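Peer 1: Chains as they are written, first to last, in my numbering: chain A, 1 to 527; chain B, 1 to 401.
Please note that a few of the clues may not be correct.
[What the hints assert, rightly or not] Okay, derived cross-link-like pairs now, SDA-like style, lysine to any residue, Cα gap no bigger than 20 Å in a straight line:
(1) 77(A) - 351(B)
(2) 77(A) - 368(B)
(3) 171(A) - 351(B)
(4) 387(B) - 354(A)
(5) 171(A) - 387(B)
(6) 354(A) - 19(B)
None of these hints come from the bench; they were simulated from the model.
Keep in mind it's a predicted model, so treat the numbers as computed, not measured.
The lines below spell out each chain.
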Amino acid sequence: MSVNTYDAIIIGAGHNGLIAGAYLARAGKKVVILERRPIVGGAAVTEEIFPGYRFTEFSYVVSLLRPEIIRDLELPKHGLKILPLPSTVTPMDNGDYLAAWPDHEPTRREIYRHSPHDAEAADEYGRVMARAAKAIKPVLSLVPPDPSSMSVRDMVGLLKLGQYAKSLSEKELYRIAKLVTQSSADLLDEWFEFDPLKGTKSASGIIGTFLGPHSPGTAYVLLHHYMGEIDGAFRAWGFAKNGTGGVTAAIASSARAIGAEIRTNASVAHVIVKNGRAAGVALENGDELRANVVMSAADPKRSFLSFVEAKHFPDEFVGQIKNFRVRGSSGKVNIALSGLPDFTCLPGESPLHKGAISISPSIDYIERAYDEAKYGQFSTNPYIDMIIPSMIDRDMAPPGHHVMSCFVQYAPYDIEGGWDDAKRDAFGETVINTIERFAPNIRKIIVGKQVITPKDIERIAGITGGNIFHGELLLHQLFFLRPAPQWADFRTPLPGYYFGASGAHPGGGVMGAAGKMAAQEVLKDWR
Amino acid sequence: MLETLELKRTPFHERTSRLSVAQNWRRWAGYMVVGSYDLSLDHEYWAIRDRAALIDVTPLMKYMIEGPDAARLLHKVTPRDVLKMKEGVVSYTGWCDEEGKLLDDGTIARLGPQLFRMTSAEPSLRWLAMNAVGMDVKVTEVTDQIAALSLQGPKSRAILNRVCRDQVDELKYFRSAENAIGNTPVNVSRTGYTGDLGYEIWIPAEHALPVWDALMQAGDDYGITPCGILAMDMARVEAGLFMVDVDYTASTHAWIEGQKSSPLEMGLDWAVALNKKGYFVGRKALEREKREGSAWKLRGLEIGWEGLERLYAEVGMPPQIPSMSVRGSLPVAVGGKQIGYASTSTWSPVLKKYIALAHLQRPYYEPGSEVTIEITVEHHRKQTLAKVVNLPFYDPAWKKK
Chain A
1 MSVNTYDAII
11 IGAGHNGLIA
21 GAYLARAGKK
31 VVILERRPIV
41 GGAAVTEEIF
51 PGYRFTEFSY
61 VVSLLRPEII
71 RDLELPKHGL
81 KILPLPSTVT
91 PMDNGDYLAA
101 WPDHEPTRRE
111 IYRHSPHDAE
121 AADEYGRVMA
131 RAAKAIKPVL
141 SLVPPDPSSM
151 SVRDMVGLLK
161 LGQYAKSLSE
171 KELYRIAKLV
181 TQSSADLLDE
191 WFEFDPLKGT
201 KSASGIIGTF
211 LGPHSPGTAY
221 VLLHHYMGEI
231 DGAFRAWGFA
241 KNGTGGVTAA
251 IASSARAIGA
261 EIRTNASVAH
271 VIVKNGRAAG
281 VALENGDELR
291 ANVVMSAADP
301 KRSFLSFVEA
311 KHFPDEFVGQ
321 IKNFRVRGSS
331 GKVNIALSGL
341 PDFTCLPGES
351 PLHKGAISIS
361 PSIDYIERAY
371 DEAKYGQFST
381 NPYIDMIIPS
391 MIDRDMAPPG
401 HHVMSCFVQY
411 APYDIEGGWD
421 DAKRDAFGET
431 VINTIERFAP
441 NIRKIIVGKQ
451 VITPKDIERI
461 AGITGGNIFH
471 GELLLHQLFF
481 LRPAPQWADF
491 RTPLPGYYFG
501 ASGAHPGGGV
511 MGAAGKMAAQ
521 EVLKDWR
Chain B
1 MLETLELKRT
11 PFHERTSRLS
21 VAQNWRRWAG
31 YMVVGSYDLS
41 LDHEYWAIRD
51 RAALIDVTPL
61 MKYMIEGPDA
71 ARLLHKVTPR
81 DVLKMKEGVV
91 SYTGWCDEEG
101 KLLDDGTIAR
111 LGPQLFRMTS
121 AEPSLRWLAM
131 NAVGMDVKVT
141 EVTDQIAALS
151 LQGPKSRAIL
161 NRVCRDQVDE
171 LKYFRSAENA
181 IGNTPVNVSR
191 TGYTGDLGYE
201 IWIPAEHALP
211 VWDALMQAGD
221 DYGITPCGIL
231 AMDMARVEAG
241 LFMVDVDYTA
251 STHAWIEGQK
261 SSPLEMGLDW
271 AVALNKKGYF
281 VGRKALEREK
291 REGSAWKLRG
301 LEIGWEGLER
311 LYAEVGMPPQ
321 IPSMSVRGSL
331 PVAVGGKQIG
341 YASTSTWSPV
351 LKKYIALAHL
361 QRPYYEPGSE
371 VTIEITVEHH
381 RKQTLAKVVN
391 LPFYDPAWKK
401 K
């Protein structure tokens, strides 16, 4: 075989592309993983934007990285460590705060301080959500069957799903039906009374969507985020050593050790199609690479509307991908700090600095933030999810100094008049103003900051629309509908062309399930 | 209260007792030490694996062995080649009875031409004295006089460099050197019970607190964390390190022959210098065992996650495994026939694996062998697949660098 001939070509060295490549290499295939940027990682990268300060630039927590991937690819040997994120604190305008700990008793006492009713409700709510998450979780590891297909594989898949649904009690089925259709505000109002508690819990229902807590469907997203917590002993939820870039660096190192080749600065121009099937890729620099299997780990729009000419797909499919909603709704502000932010509610250094800090005083606060975004503005008072990675991993900043990662919602991709430098600066200012309300010393300790808009996510990480999940986690975009009806099994209408990324089932987050399952499907088809 | 009825407090008690949120105390050789400071072990465990953990290990039995025959005595009672040990070298070793069965294990550090420091888990004064008959050597127990702190984790070196009079960059794995922290002369050895980069600091007991304070202060920027022995117990299993009377029975404590273990059975082949000169206690028996092969071996077991998931799925639950190390015997079988047992098992947070130290019969101890281990799923005894692996489970590159 010539140097440019492979068994499989993977487009995109984000975590899913790397995982898919590693699994294929593990099965003995000659694999190349192509990355447009000079570094691997996609949206899971750590970069030293200011010397000595390392930013986990886009994605900043590891939600559900599948433990079997960690074991199969021996990622701990390649440096992976998932460090616990021990707490969440919501600062309040009255100078108080609401904290949540991994231990039940202190959390209960903390909520009790604000609302004895909610302290009891929280226990029950936790159990109900854990059971619902447990009920849905097995579905995540199934390849979605196509309900309209008569093929053996789909029939078996449907049968499995049917059997599984049958194993759930009627009550559980109703609960799940309600959860997937309800708004998170409605769900939380049924349970709780304390605004900061509801606000903070509702936030995980809107992350990565272009919806507000009152929008139907957000309760499911909340559940999706809840799934990391039922793993208990897996402890797959946390902050990766060296930032999220540490995850992809470990996967890349493992993939290389198994024999996969990774090429950076290798931007794909298009997929080569021969005799009606994928036969390789052409790079922007003119190089051509050949393989019988090409897998895209890019977002659905680029995978199906840009890499491949529309004529190779049925019109209906192209239409569905065009309508796939990828509206970016969030931005990131990464800040290098000469000290710790001093929160009015927690003067000095506190154990809560090691966990998440959530600016989410109420559901209304977040809904109002959404209102502005609906009409093309970024939120004047945004929801912010902050962590201070250097408090968790001391290698992220020079000793005594810190880095802070602020996930900010809402910042619409389609901002009125389009994003420009002035708007980006204004967005950054808004975020700092919001933090300043709760931590007045913030401006004094800023050494440097990086403001990332959805447009920047698209430009740097290559995700169309800048949506962190490559496509919103909306009910009509999940499971056998993700990315398009009939094509949720990682295959595409173009034979030899596969799709394994966050825009595929089971959706986004640094989970790796899509990459792994796509590789397994490729291997099933291998003749 | 009679003083002897109370557990001894280490010289660090004033600090450790105040820092302990959990007030979870454990007995160790007549002392009380912190089991865990925090309500969950996560923070302390990850201090060992990613930052720096400060562990009070004062209860280790400590002996100073001094005199023209000091080396000769240790050469005789241990299977290590002590006569060849240079000053500044530390050796881990087990020591045996005449039948080559382990009595205890610990470290010996050569501090001078005629001076050694030995640590053990069990009182060893009588054993050393019995073997020193006719030798010019003095053995002194210094357990209470020398306070000991274990500073373990990838940042331990950077922290020591901040407080020590002499930099420790040149201190190699299993070496020790005199040093000073503030005005306190200390001995620093690059040793530990975690399998990570780490040091043990030997301090005159009366100066213990200033050294604790100096380390805590210097380590603040590196996330230094006081750590109890429960988190260390997880790390030591990952590191493949065993514990007397947990993973093997001291031959003096054994009721029957079958309870005893030889260093070769425990995987200490590398620490049994059968090529060394002269007699040492247990030599004949160990030579025979080496020739004939060991009937048992201590190995690692990786318990398959898929099997666990399947067994728990049968009762409709996600796998439930303890989040800390468990010292309880679990039968190990092949084809339904018991061929060994696991002595300590733990969830490994860094490896995302459920692992165990296990005693396995020949020939099932070959790495790669598939065995089953007993787990109790909702009160029902089940067998689940496990794989035999070499120890250690976790061996980071920076441990010896």
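Peer 1: Run the structure past the numbered hints and jot down the numbers of the failing ones, going up.
Peer 2: 3, 4, 5
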